[in-house]
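Heads up: the protein sequence lines correspond to chains P and Y, in order.
Counting from 1, one number per residue, gives the positions in the first sequence under this note's numbering.
Counting from 133, one number per residue, gives the positions in the second sequence under this note's numbering.
Hints listed in this document are in silico derivations from the structure and should not be mistaken for laboratory results.
Hints are supplied without guarantee of correctness; some may be wrong.
Simulated crosslink set (DSSO-like; lysine-lysine; CA at most 30 Å straight-line) [said to hold, decoys possible]:
#: 1; chain 1: Y; residue 1: K279; chain 2: P; residue 2: K63
#: 2; chain 1: P; residue 1: K8; chain 2: Y; residue 2: K315
#: 3; chain 1: Y; residue 1: K279; chain 2: Y; residue 2: K256
#: 4; chain 1: Y; residue 1: K315; chain 2: Y; residue 2: K256
#: 5; chain 1: Y; residue 1: K220; chain 2: Y; residue 2: K172
#: 6; chain 1: P; residue 1: K63; chain 2: P; residue 2: K48
Pair ranges (Cβ atoms, derived) [said to hold, decoys possible]:
#: 7; chain 1: P; residue 1: E114; chain 2: Y; residue 2: P426; range: 46 to 52 Å
#: 8; chain 1: Y; residue 1: R216; chain 2: P; residue 2: A118; range: 54 to 60 Å
#: 9; chain 1: P; residue 1: D33; chain 2: Y; residue 2: K457; range: 46 to 52 Å
#: 10; chain 1: P; residue 1: R97; chain 2: Y; residue 2: V292; range: 25 to 31 Å
#: 11; chain 1: Y; residue 1: N277; chain 2: P; residue 2: R96; range: 24 to 30 Å
#: 12; chain 1: Y; residue 1: N198; chain 2: P; residue 2: V102; range: 49 to 55 Å
#: 13; chain 1: Y; residue 1: Y361; chain 2: P; residue 2: R97; range: 28 to 34 Å
#: 14; chain 1: Y; residue 1: G424; chain 2: P; residue 2: D33; range: 41 to 47 Å
#: 15; chain 1: Y; residue 1: G363; chain 2: P; residue 2: R76; range: 18 to 24 Å
#: 16; chain 1: P; residue 1: R96; chain 2: Y; residue 2: I388; range: 31 to 37 Å
#: 17; chain 1: P; residue 1: S51; chain 2: Y; residue 2: A350; range: 50 to 56 Å
Coverage of chain Y stretches by chain P, computed from C-beta distances (three or more under 8 Å per stretch; other residues unrestricted) [unchecked claim]:
#: 18; segment: 177 to 188
#: 19; segment: 282 to 295
#: 20; segment: 299 to 312
Note that beta-carbon positions come from the ideal geometry of N, C-alpha and C, so glycine has one too.
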Amino acid sequence: MNGLTQLKCVLVLEDEPLIAMDLQWALEDAGIDAVTARNCPEAMDAIKNKSVDGAILDVNLGKGQTCENAAMELHRLGLPFILNTGDLDRSGELLRRINAPVVAKPTPSELVVERLLAVAAERGANQSRIDI
Amino acid sequence: MENTGPFAGPDAFSGATGLLFEQAMAQTRMAVCLTDPRQKDDPIVFCNRAFENLTGYGSDEIIGRNCRFLQGPHTDQKQVSKIREALKNQSVAVVELLNYRKDGSSFWNALHLGPIYDENGELKYFFGSQWDVSEIHLAQAEERNAKAMAREVSHRLKNVFAVIGAIVNITGRSMDAPEVSRKINQRVQALGRSYEPTLDDAFLGTIEVGQAVRAVLAPYDPEGGRIIYLGNGLRTEPNAISAIGLTLHELATNSIKYGALSNDTGTVEVEWRQDNDRHHRGSLVVCWRERGGPPVDGAPDEDNGTGFRIVDTLLDHLDGTLERKWEAEGLQAEIHFPIGRAG
């Protein structure tokens with residue numbers, strides 16, 4: 001699809017298992033491996049230990065937990081990611097802090113994946129890739 | 133009783149001005165007091181009847197005390213410090229703070245205070261007017277609650293629709309029917325979107341048509357500018373929204389496949405208004421006008437028909453209609469939908 005910026009392995013941080021599964025399958029349909037995480041520590045683990053090169057993050061993960069730490073780590077590593085949330089009204093401040101493209105829930109999973117690929121491609125065009 | 137200030141006796145105000153002042157102060161429902169900043173601890177030297185009524189104290193319990201005796205455990209000290217600043221700088225301040233009556237009950241006090249100078253320009257009194265704004269506070273709190281509740285419901289609804297979408301996709305894929313599941317999902321999500329932006333004021337019992345129209349069609353015009361919205365703040369019954377949402381979804385899907393949204397330049401005008409049908413019943417009319425798409429040669433056939441068949445049946449149940457005219461410049465459609473049967 002995007003020769004240079006095709007992602008190989010994408011992290012899905014999502015506390016709702018059905019949505020995680022749907023996104024995982026949509027990624028696999030696009031020829032991308034998926035690693036799922038249900039909470040932020042799991043996501044941090046995945047970012048450290050698997051060679052993740054992009055991510056789709058749910059913002060509010062239940063019990064007041066958010067994806068903020070994982071998002072900041074992805075920023076630090078310069079990896080492309082998007083936020084997938086239904087809570088645009090209440091998370092305004094948090095979303096501004098994280099400062100990443102947002103896809104409003106519900107959006108069909110294949111469009112979420114498309115958006116991530118577009119973000120990755122844009123980045124690939126603007127900067128050379130960072131070696132990890 | 134010892135002399136606590138110039139208002140202790142009936143001669144406190146002299147002349148006609150004084151008489152007017154006293155009568156006005158006695159009659160106004162605005163609670164008023166004056167304090168004397170030249171005395172130690174700035175005591176209250178005058179209060180009117182409304183002040184007694186508001187606070188539950190008699191004037192004999194009020195005169196001679198500093199205003200802070202109205203404060204209590206939940207009085208916001210930030211507001212109190214604003215008062216202190218104003219007193220120090222001899223400036224005017226308006227603060228809202230929680231005060232307490234003699235019986236211990238509390239009220240929201242909108243306090244306006246400012247300096248009063250004598251003829252020589254010397255600071256003589258501080259003037260304070262207080263107004264019980266508890267009801268306004270209560271209404272504001274209720275409105276905030278209602279809004280927070282609406283946002284919570286809206287958030288949950290979106291999540292429910294997201295999960296439904298996931299279930300449909302997963303089922304479709306596991307049964308090897310991804311095309312079917314995609315179509316189901318598009319319709320379900322269009323339905324979800326039509327209700328989404330309307331929750332905030334759903335307690336009004338009606339829904340704004342324009343908000344629902346825009347929300348349903350937004351995904352079909354990601355860059356903006358291809359779909360032109362012409363309508364006003366017309367509202368309608370919530371049950372009209374599902375039918376209109378699904379109909380617009382079918383029109384948009386058709387347009388993306390064959391019509392004005394299938395190329396890079398075509399546009400769609402969507403207009404909504406209230407009208408009377410031939411039986412003089414109120415009717416919601418939504419017009420859909422495509423232009424600039426590939427030339428149209430009659431109605432498209434194949435599977436696309438199915439979508440319109442669903443919509444025709446749905447509208448038929450509700451005494452509505454969807455007229456479609458396949459003009460050369462693009463599809464011209466009109467949805468008619470009876471509303472407000474009661475008249």
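Status of each hint after checking the structure:
As the CA atoms of K279 (chain Y) and K63 (chain P) are separated by approximately 21 Å, the hinted pair is consistent with the 30 Å bound. As the CA atoms of K8 (chain P) and K315 (chain Y) are separated by approximately 29 Å, the hinted pair is consistent with the 30 Å bound. This hinted pair does not check out: K279 (chain Y) and K256 (chain Y) have alpha carbons roughly 47 Å apart, beyond 30 Å. For a cut-off of 30 Å, the pair hint linking K315 (chain Y) to K256 (chain Y) is broken: about 79 Å separates their Cα positions.
Taken as a hint, the K220 (chain Y) and K172 (chain Y) pair is honoured in the structure, with Cα atoms around 14 Å apart against an allowance of 30 Å. A hinted pair counts as satisfied when its Cα atoms are at most 30 Å apart, and K63 (chain P) with K48 (chain P) qualifies at roughly 24 Å. For the pair E114 (chain P) and P426 (chain Y), the beta carbons lie near 25 Å from each other, so the given range of 46 to 52 Å is not met. For the hinted restraint 54 to 60 Å between R216 (chain Y) and A118 (chain P), the CB-CB distance of approximately 57 Å keeps it satisfied.
A C-beta distance of roughly 50 Å is found between D33 (chain P) and K457 (chain Y), which places it inside the suggested range of 46 to 52 Å. For the pair R97 (chain P) and V292 (chain Y), the beta carbons lie near 27 Å from each other, so the given range of 25 to 31 Å is met. For N277 (chain Y) and R96 (chain P), the hinted distance range of 24 to 30 Å is satisfied, since their beta carbons lie about 25 Å from each other. Take N198 (chain Y) and V102 (chain P): their Cβ atoms lie about 53 Å apart, and the range 49 to 55 Å holds.
The hinted window of 28 to 34 Å between Y361 (chain Y) and R97 (chain P) holds, with their beta carbons roughly 33 Å apart. Remark: the range hint 41 to 47 Å for G424 (chain Y) to D33 (chain P) is upheld by a beta-carbon distance near 42 Å. At roughly 47 Å, the beta carbons of G363 (chain Y) and R76 (chain P) sit outside the given window of 18 to 24 Å. Range check, R96 (chain P) to I388 (chain Y): Cβ separation about 33 Å, and the 31 to 37 Å hint holds.
Against the hinted window of 50 to 56 Å, the Cβ-Cβ separation of S51 (chain P) and A350 (chain Y) comes to about 36 Å, which falls outside the hint. With 0 residues bearing a CB less than 8 Å from a CB of chain P, the segment 177 to 188 of chain Y misses the requirement of three and the coverage assertion fails. A count of 8 residues in the segment 282 to 295 of chain Y with a Cβ less than 8 Å from any Cβ of chain P is obtained; the coverage claim is therefore met, three being the minimum. Against chain P, the segment 299 to 312 of chain Y contributes 4 residues with a C-beta closer than 8 Å to a partner C-beta. That satisfies the three-residue criterion, and the hint holds.
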